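Letter by letter, the chains look like this.
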Amino acid sequence: MPLLDLRQYIEALRNLGEIQEVAAPVSLDLELGAIIRHCSETGSPAPLFSAFADHPSGFRILGAPAATSARRGLAMVRAATSLELPPTSSGIEIAEAIAASLDLPAINPQIVDSAPCFENISTGDDVDLNRLPVPLLHDGDGGRYLNTFGCIVARTPDGSWTNWSIARIMVVDGKRMTGLVSPQQHIGMVAKAWADMGKPMPFALALGVEPSIPFICAMPLPAKVDESGRLGALMRRPIRTVRCRTVGLEAPASAEILIEGYLHLDEKTKEGPMGEYPGYIPTEPARDGPVYHVSAISHRHDAILPVVAAGEPAEENHTVWGTMISAQILHDLRAAGIPATTAWIPQQSAMHWLVVTLPRDWRRRTGIDAAQALCQRIGEVMFSTKAGVVPKVIVLNDDINPDDLKELVWAFATRCHPLLGHAVFRDEPEDPLVAYLRTNEKTAARTGKVVYNCLPPDEWGEALPVRASFRHGYPAEIVDRVKRRWSEYGFR
Amino acid sequence: MKDTERDLADCVGAIYQAGAGDGSWLDVGERICRIMDARRALLVLGGPGGPRNLLMPADGSETAYAGYFHARDPYAAKARYDFATARAHHLGNAKLGTELVAENEFLNSEFYYDFARHHERRHVIGGMAGLTEATPILVSRGDDTGAFDETHVRLLKTLMPHVQRAIELRARLGRNDETFALTRAALEALPVGVGVVDAGLKIRFINDLARRYLAGPDAGLFSLRSGPCVGSGVYLAAMSREEASVLRRLVASATSGGTGGAMRVTSRNGAVVGLMVAPAPQGLAADVSGMDGGAAREAFALLILRPLNRKVAPQADMLCEMFGFSRAEAEVAVALTGGASAEEVARRRSVSLMTVRSQIRSILGKSEAENLRDFERTMATLGALVPQLR
Ligand SMILES: Cc1cc2nc3c(=O)[nH]c(=O)nc-3n(C[C@H](O)[C@H](O)[C@H](O)COP(=O)(O)O)c2cc1C
Ligand SMILES: [Mn+2]
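The listed protein sequences correspond, in order, to chains A and B.
With the working numbering applied, the first sequence corresponds to residues 1 to 492, in that order.
With the working numbering applied, the second sequence corresponds to residues 493 to 882, in that order.
For the record, the hints were derived by calculation from the structure and aren't laboratory data.
Since the model is a prediction, treat every value here as computed from it, not as a measurement.
Footprint (simulated), chain B over chain A, 3 or more residues, beta carbon under 8 Å:
no.: 1; region: 358-370
no.: 2; region: 462-468
no.: 3; region: 473-484
Ideal Cβ positions, reconstructed from N, Cα and C, are used throughout, including at glycine.
Just chain A, with the same shape it has in the complex (with noise of 0.2 Å):
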């Protein structure tokens, strides 16, 4: 079944025992954050907020709406739902199918007259920021962040392309928002076009959207792809949209609140800090940030506001950004040349590790005969697109499932050399929000990265090691036998 808006997608959470009503007024003031951030940290299921302590009523607030969930086998079961895939896909399998649909064929969006969100609409002097529920979700943010996990509608001048992408927005008054604009971002992008011929940018963002939006939000897409078409091939129909009231823009009809105005790149105002994906509070002040210009507000009756609270893993940075980088590696290495059979983000590595799996046949695959060279051939696919944020690279055989962390730590420390093989990259543009960045990294947006090697020696060749495992290292007659036998041996 179809899940067509966020109360669709509710429900289907609901059902599936992943959503804990919270009716309890609670402070926007850090206390909704710190629960929303136990309950990333936790796998509890996501919490549907009514009531706030300092706030009043009329907006309700989901909570971790694409976390993690504890439960045995079902961990990507709120980013599966999203996506209409079944509830116990695993992330590999997620990406997968994501990686698939880039090879089918645009599916362009339906703009339709009306939308939900247009029951309640302000302009002009009406318009109030403050009337919203905007959370302060950690301490030490500089400010209240409305934007977490909403659609920023942004096209070109010549309407060539329409971007959709998450970046964050805080708001600043009433009026006005500011937020992270990064000049290797498409919006980044999109806006310098706008400016370049003294214009602000038309910008529409759509809370609350239909769950696989954020999906293709986070995609890192290549620039001048419509990220609606591609979503359109992944979920199989066209998504709808919306025209605004005020911008020259569609956005995507399902949105619980809708805000649209103008982006000024050259006026600035501080943005920042805010606790991010790598796992950090940052400490340094704030930063300039382009104002955003709010036009109108639009938003259905008890509008939802869905809230991620960005940190240690897993959050939905890892859960959905880190998903979609995957998948977009993933065929990209594949359409390299690289036989993958995985590209997979481990979410306890904050968007900093990427595992590549490769069966063993791999040389006889793509005529490299020596790991290095393999691991100098992913990097420089990977490195080369902006799907190339994750810094560290770690290859593997495929007997290793990157999605099992146990695994994955054994075989990292266990395969890989210090010295040999790997493949370093002196320097590559980056995301200037990596942990460990120095700060004349963070200015220039560019660090190191590397590839490690961690496949068998060369000489080698197709042999891989014998593992002592219940699993591995015992014929299957006897690992049959021993399970079999399990309870007769006194076990429970």
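Start from chain A and add chain B with the ligands according to the hints.
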């Protein structure tokens, strides 16, 4: 005789390749003629078109022989007789024609008069091989080149055990209903290391000699039990990264429609083996892939391993025969190959250094070696060619 030892080594390789169904017997014939300075070589074996000489291209002479004179060939008749009466004694041996058939008997035969003297078959050396019947190798020359001598006999003798093993192999592989056990037996019996690997270098078959080589602590090649699970197979690997890479390239070629090729593998102790990689013949591939080889037939590579500088010095009498060394020269040669200096040799033999120096000059002259190093290489190869019979 300078390049003979190298030619011999290559010829042995060619023989097994031909026997395994890759490579060509014509190539073997050409090599034998070159090594022995002969004009014709004959090995008649059955095949799809009936028995024929595998070693020479079909020409008028071959047609005449196959059509009529083969039945009149006194050497062939003698071979049949010897094989029938004392096969074990004769197999692998080689003899001058005059020792096989009395000279005047031959010269007065119809075979000689009507055929052999016109077709470069005046002088003959016969080497004995055969499975169920005699299939000798007969090497011949016309009158212009002069008679063969013991050196040539010695050369053919060196080759004969390999020829015998190769025709055994050919017989095993050629039969479609062959069971794996029989092929295995044929491959096990080879005096060279033989292995069959798939395109990923997973070992599908390996004979005892190859197994023993791979198990050597210093061997340049080794076998490696592979994971991730027990029972995931055993792979062939090389100690050196570079050699492993060359090996993979050759196996990739042999398993993807190419011809494979040859390489040298150096052990830690300096020993060198020649490794030949060729596409595994159909029959063999079917055997090793077993019953399930029905649908997608997997390509395999045949590996043939030969030690090139096995530290077995040729025997002194073999050197006397091959190079016409005196007994003393042959002994000096053996000592030198064992690593002794001229001074040491003089001391050990209680002769003057002058004497040893003049013996060395003579040794180099007779063996047509440029210097002692060159000569040592010759000796090493010859050592490797002494058939390794178990
Ligand atoms: C929960 C979440 C928060 C994100 N926050 C930001 C952000 O603040 N700034 C940013 O540049 N990217 C952020 N991203 C990553 C971008 O969405 C991602 O890089 C995407 O590719 C950008 O879209 P674009 O490729 O069209 O530029 C976030 C992703 C997620 C899932
Ligand atoms: Mn984009």
